[in-house]
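Q: Put chain B on the given structure of chain A with help from the hints.
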Amino acid sequence: MSVEVISISVNGSRRDLTVRPGATLLEVLREQFALTGVRAGCREGGCGSCSVLIDGVLTLACLTPVARLGEASVTTVEGLASGQQSLNHIQQAFVDSGASQCGFCTSGMIMAAHALLSTNPQPSRDDVVEAISGNVCRCTGYEPIVNAILTAADQAPEPESPNK
Amino acid sequence: MLNYLFPSSLNEVGKLLTETDGRLSIVGGGTVMSPAVAARPHQFDSVIDLSAAGIDKVTVADGVVTVGACTRLADLARHKQLGFLKSAVAAIGGPALRNSATVGGNIGVGGDLSAALLSLGTVATLHTSTSIYESTLNEYFEHANQDGVIISALRFAIPSGGDFGFFKLGRRQHNTPTVVTAAVSRTSGNGSTVALVGIEKKPVTWNLEADVFSQSGLLGDILLPRIDSLEILTDSQASAGYRKRMIPVAIRKAIEAA
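The listed protein sequences derive, respectively, from chains A and B.
Following this note's numbering, the numbering of the first sequence begins with 361 at its first residue and continues without gaps.
Following this note's numbering, the numbering of the second sequence begins with 176 at its first residue and continues without gaps.
In case anyone wonders, no lab produced these hints; they're calculated from the structure.
Please note that the accuracy of each hint is not assured.
Said to hold, decoys possible - Some, not all, of what chain A presents toward chain B, calculated at C-beta under 8 Å:
#	residue
1	T378
2	P381
3	G382
4	A383
5	F393
6	R403
7	V417
8	T419
9	L420
10	L423
11	P425
12	E438
13	A475
14	S478
15	S484
16	D487
Cβ atoms here follow ideal geometry from the backbone N, Cα and C, with glycine treated the same way.
Pulled out of the complex, with its shape left as it was, chain B reads as follows:
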């Protein structure tokens, strides 16, 4: 018998992770797991639905944003202090999907929003059945096995105007899988962070000592050696060769969008 559970707090989520036996599914927005659970309910013993766990809010204090992992993408884009993320959210799916899909879910699949948040140096709050800890989002993606790890919140500073840019290259204008998604942020000490999604199996993050916003003429010198070292994907959207040629284009367009 499928046990469908609605914990009302993170404490309750933690308790359920510890106490629930058998094959467990975690549902956030539902865009990935709801169809799987509906189609084959017998493959799960329990479902933990996070929609009521109180992790769907955005707070801003002293220029630092904390986003609950179950915040809907549409709500993120509508937040009056997060207009700089509008283009990143608009790049994901269509309007109806964005009303269900969550920030945590998009991070979980290494989606386009990952590039934006990685470039901003985001810190994630992570829960397992035995611990709660923080990790940079970059470290989160570095760990091979994320089974049993739930993101509850993401924290980053609001960039100053002109210090953040995002661009997604796809085959269609809207609702398109990515060829290359690029996000660029200026960091302290005249550096910058470039994050890419859709290039390798996991997002790629480069922390650079150069300010690519003001040194675009040096883009080739800075980035080409790094691009050469990537294991670039070929898939239905693009060949590895095409992606490789488009990486500097996407980064340049992200800089222009800042």
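Bound conformation, chain A alone:
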């Protein structure tokens, strides 16, 4: 089988990997980085369960040829919490709001929420509904997820002052 060598930055660490030509980011994250928080759902961009951030932009890993990444940085759900935290405020809000049942869509929902709150820290309910419109959930009926994201918006930590 033919392979090619790429360099990829995931959750803050850069590694060199051999991948097959045409491999998607989804395949590489799950199989070579063991980041199984990135779900293999529909594999065709319809369910949102493989959502990641590439240079902060919400992207579907199943549709992204890994060869395109170049110097871009990938963040998965495993990379959201920082420092000593095990969960960031969005993840904690999902736990506290009962917004996860089977959990399959949860990673993608959290990534979509992260992308929304990064650019719109005080979204309306309609904004949240639109932000998760590319993520399918079969369990919750979406309301707990929307509520969790609105809660996370209210509970977002203050950004650190540049004067500190």
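A: Here is chain B on its own, set in the frame of chain A:
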């Protein structure tokens, strides 16, 4: 062995189209072809990935917009002079998909943006392995076989305020397949263009001598004979009968949205 190629210019794309033997796949945004290539790499000998070919920019000069075919839908919607296309872009998929999907890709599948661009009288720049030429988007859709034709750019004039409207009717508010997508533009000489997607296998464009924006009371007289002549689809989203009844509704709502 799959040959995955990243041409860095349109000239290089043209060269590869001429020189590459075997089963070829063209990848723009990747929303259609990336999963196909990943799932069955052995069905292709070569992939030409257009993401580095320099056709992902929007330029505006003297009121005329030129959109590179690999411009991401999200970037199109964010462009400060293209706010009139925001609702058309928002009708397509979800936020993550729009960060990958391209204008050319959406045109290639006759998607919702096609209605908007058809109504604006868009001209497409097309490449084959042997030629580069321009064609109206309407003519592009009229040709049955588009294999081996790559759209590199689309050009249209920015409409004046109130001269363009878009509406998509679907089963859901967001991220929904279409029942009827309608776009309407006022054209010179008191005419208008109506474009519809989701009705027939290909987009439908009507160039009318009447200004439907100011003559909505005549909508029935103007459009009903044309609607009767359509071969309307039935699919999982809607029956042909329902679509037929919704066409005037979608057009009216597009006019109201202008």
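Q: Mind checking the CB of L420 (chain A) against every CB in chain B and telling me if the closest is under 8 Å?
A: holds (5 Å)
Q: Hint P381 (chain A) vs chain B: min CB-CB distance below 8 Å?
A: Cβ of P381 (chain A) sits 4 Å from chain B, so the hint holds.
Q: Mind checking the CB of A475 (chain A) against every CB in chain B and telling me if the closest is under 8 Å?
A: holds (7 Å)
Q: Hold the hint about R403 (chain A) up to the distance rule: shortest CB distance to chain B must be less than 8 Å.
A: holds (6 Å)
Q: If you take the shortest Cβ to Cβ gap from V417 (chain A) to chain B, is it below 8 Å?
A: With Cβ-Cβ at 5 Å, under 8 Å, it holds.
Q: Would the stated hint for D487 (chain A) survive a check requiring a Cβ distance to chain B of less than 8 Å?
A: violated (11 Å)
Q: Min Cβ distance, S478 (chain A) to chain B: is it shorter than 8 Å?
A: Given a least distance of 12 Å, the restraint on S478 (chain A) is violated.
Q: Next item in the hint list is E438 (chain A). Is there a CB on chain B closer than 8 Å to its CB?
A: violated (18 Å)
Q: Less than 8 Å between beta-carbons is the criterion; does S484 (chain A) satisfy it with respect to chain B?
A: Status violated, d = 14 Å.
Q: Against chain B, run the beta carbon of P425 (chain A) and see if the smallest gap drops under 8 Å.
A: holds (6 Å)
Q: Measuring from the C-beta of T419 (chain A) to each C-beta in chain B, is the shortest one below 8 Å?
A: holds (6 Å)
Q: Tell me if the interface restraint on G382 (chain A) is satisfied: Cβ within less than 8 Å of some Cβ in chain B.
A: holds (4 Å)
When held up to the earlier numbered hints, the structure conflicts with 1, 5, 12, 14, 15 and 16 and fits the remainder.
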